[in-house]
Structures are given as C-alpha cells and as structure tokens.
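> Fit chain B to the known structure of chain A by using the hints.
Those protein sequence lines, which keep their order, are chains A and B.
Going by the numbering used here, the first residue of the first sequence is number 1, and it counts up by one from there.
Going by the numbering used here, the first residue of the second sequence is number 1001, and it counts up by one from there.
Treat the hints with care, since some could be wrong.
[Claimed, not checked] Derived, one-sided and incomplete: chain A residues facing chain B with beta-carbon distance under 10 Å:
1. Ala11
2. Lys14
3. Pro43
4. Asn46
5. Arg65
6. Asp66
7. Gly72
8. Pro74
9. Lys75
10. Trp133
11. Met136
[To be verified] DSSO-like cross-link-like pairs, simulated, lysine-lysine; straight-line CA separation at most 30 Å:
12. Lys1066(B) to Lys97(A)
13. Lys116(A) to Lys23(A)
14. Lys14(A) to Lys1066(B)
[What the hints assert, rightly or not] Stretches of chain A that chain B covers, calculated by requiring three or more beta carbons in the stretch to come under 8 Å of a beta carbon on chain B:
15. 4–10
16. 30–39
17. 85–99
18. 122–131
These are calculated hints, taken from the structure and not from any lab test.
Since the structure is predicted, the reported quantities are computational estimates derived from the model, not experimental observations.
Here a beta-carbon is modelled for each residue, glycine too, at the ideal position from N, C-alpha and C.
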Amino acid sequence: MTHGHLWDRLAEAKTRLDPVQSKYRVLFEDPATPDEPAKVLVPDPNWMACALEGGILPPIETYQRDRDVPDGQPKEHPYAEPIGAMTEEEAIEYLVKKDIDPSVWRDYKGNRTILKIVPVEMIPSDRSFRNAWRIMQ
Amino acid sequence: MSTLEVSNLNDGTTTVATTYVTNGSAKAWMTHASTTVILDSLNVSSITDTATGRTAVNFNSSFGAKDYATSICSMRSSGTASHYEDNAVSGSASSVHAVYHNGSANADTNMASVICLGDLA
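If we strip away everything but chain B, and leave its shape as in the complex, we get:
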C-alpha cells in the first residue's frame, strides 16, 4: 500500500487542510434491518438488541471521549417513526444507545442507520 502525504487540498481557488476533510468524515456508521441483522457498517463490532426498540451499537475503535456527535434515522412500515440517543444509558466512548419510537412507545424499526462523528481515541 502506498501513502500520499498531503497537508493541504486546493480546488483552484480555495485551499483547505487535509485534516478539514478527514476530521469531518464519519468515524463509525451502520445500517441495520429489524434489530438483529446488520446490513453494512464501518468501525462497528456488534449491536446489542436490549429490548423492544432499543439497540446499542458497539464501536471497534473507540472515540476519544463521550461527546462525539451522533445522527440516528429509523423507518417504520406504518405510523410514526422517531428516534433518539439515550443519554441516560450512553455516556460511553465505546458504544451508543439508539432508541426507536412509534409516537407512543418504544417500537422495533424496519430499518435504521446510525452515524457518529468525532475524534477517535
């Protein structure tokens, strides 16, 4: 494998540091169907189905601290779909806990994705 060492990128008019790009890339992401089948991922070692509508995503390479950014998206075949990160459970640089909701209670999702950005350990 060869290595390209580049400090800055220039598109002809604007110059940005290479770290501007690398720092902004997702360091962990995954999509899962139902709560038991992982479709694709990067930097995820496993998911844990902890209850109806609740899934923990375990990272392979941990974040440096627990204040990384998380984006969660879920889909349901009918009714309302909402989703959030459970701060009460999370608080960890090595996993994030996603909760899926149908508007009145936690509910399993047909498909969901979780994206995490931040600085790795």
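The following block holds chain A by itself, in its conformation from the complex:
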C-alpha cells in the first residue's frame, strides 16, 4: 500500500488522533543575530500526536536534504516513507533539527549555551521584558 503525500496523512491523522500538548519548550538564540532576544519554540499538539503515533512523519534527514533544494524543484519529505513512533523526547529532538537552523544546533562552536530544552513551567509568564530575554548561562 502506498503511503501517499505527507499532507494527506496529516489530514487523515487529525480526524482520529487527540492533540498532545507537549510538556517541553525549546529555548534558543541565533548566533547570527546576537542582539536579538532568545526564541521559544512551541511544539504543535497535532504534530506531537502524529510523532507519538508513528507511521505519519517522514525521516528527519529528508527535511535536512530538502533545505538545499531550490523552490519549485521536487522535495523529498512529502513522499518519503514514514518513520515509526517516537517518544516525546525523541520528537522534541526531531523538531529541533527540523525547525531550528543548523547554525544553532549543529554548527555553533562558541562557549555560550544557545539551546536548551526546558519544561514549559520554566518559560517566564511575565512578558514585560520579552525583548531582553536571554538564556541563563
């Protein structure tokens, strides 16, 4: 049986899977723009449900190869064979590699900590000084 297009699998999964709100957030800073505040990545609950279910999302390597594919050219990730179920921790690691630039999680060689996976409770609820947020060293 063909696994079809990723979008079709996502649409079908949404009809049967309950969303899962992750207990994690990813804090990161972009070394290319050191004056900008720390960023907070929030996993999508429907995406997390797909990751935990398995058989829906493509291998992370396909997204990484598609970064180099010019617009308008065929991309690999929509038609790649889906991977199996992940744990929530594995799903967060997958998301870091998918939605954060490799200059943050792979290429950075400096001494500062510029990426942290933290429980959602550690994100400040007071956003008064949001544009000054930095990752605590």
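Only chain B this time, still in chain A's reference frame:
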C-alpha cells in the same frame, strides 16, 4: 481507508474539476492564544516566539515555493490590533513569519490565526 476517484463535481447545473476544490483549500492553518499556546492547526509542526509580537509558523509539509498566499488575523483585548507577514524574514516555503502590532509598536496578541493557501511541494 477507501478512495473515491472523481475528476469532476456537478451540482445539477455547474460542473467543476475536483482540483478546483482541492486547490482552493487551506494547506496550512493554525490558531494560537498568546504566543505560546497552539489551540488548533493543520500542517503545522511548531511556532517560534521570536520576540514581542513576532511569531514564526513552521510547516510540516512545505509549500512548493515561497509565493503562497497568507492571511493573518489577530485580536487584542484593548486598543488597536494589526498584523502582517514579514517579507524581510519570511521568503521561505517552510515557514511564515507573522507580526502583531498595536498601532505604534509590535505587541503580543491575545489570540491570532494564520491561514496559508498555495501549492505544496
């Protein structure tokens, strides 16, 4: 899962191709409360809160090119609410950057929605 193969749809008087309907459906959408809670979505893997009033929406299945259409709507409990897509940052088939504004500066929104239409990769 069964598959219905239909090339055209007819309502009794008018016939349209099935692709007329499928091409017009939103390929990615999401609603979020504040900037850190996603309420519901389709084809979104995450959002990134990049600063006050700025949110990047990351797609699961990328668009074929960066010229897809985006509609953004935001709500604030008081004052002016405006919103736009940041072309200077966007330019990507795999994410869109929304900016929320209170009339004088970027400002966090109470709730917002982003809808994207176009051809997927």
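> So, methionine 136(A) near chain B? Judge it on the closest CB pair being under 10 Å.
With a closest approach of 17 Å, the methionine 136(A) hint is violated.
> Alanine 11(A) was flagged as interface toward chain B. Is the shortest Cβ-Cβ separation under 10 Å?
holds, 7 Å
> Can the segment 85–99 of chain A be counted as covered by chain B under the rule of three residues or more with Cβ-Cβ separation shorter than 8 Å?
As far as the segment 85–99 of chain A goes, the hint holds, because 3 residues have Cβ atoms under 8 Å from chain B.
> Would the hint on asparagine 46(A) be counted as holding, given a Cβ-Cβ threshold of 10 Å to chain B?
With a closest approach of 5 Å, the asparagine 46(A) hint holds.
> Between the segment 30–39 of chain A and chain B, are there enough contacts, at least three residues with CB-CB distance under 8 Å, for the coverage claim to hold?
Since 3 is at least three, the answer is holds.
> Are lysine 1066(B) and lysine 97(A) close enough, with their CA atoms no more than 30 Å apart?
holds, 21 Å
> Given proline 74(A) as an interface hint, is the shortest Cβ-Cβ distance to chain B below 10 Å?
Cβ of proline 74(A) sits 7 Å from chain B, so the hint holds.
> Was the hint right that arginine 65(A) lines chain B, CB cutoff 10 Å?
violated, 12 Å
> Report holds or violated for the interface hint on tryptophan 133(A), using the least CB-CB distance to chain B and a cut-off of 10 Å.
holds, 9 Å
> Run the distance test for lysine 116(A) versus lysine 23(A): straight-line Cα separation, threshold 30 Å.
holds, 14 Å
> Would the hint on proline 43(A) be counted as holding, given a Cβ-Cβ threshold of 10 Å to chain B?
holds, 5 Å
> Less than 10 Å between beta-carbons is the criterion; does lysine 14(A) satisfy it with respect to chain B?
holds, 6 Å
Checked against the numbered hints above, the structure violates hints 5, 11; every other hint is satisfied.
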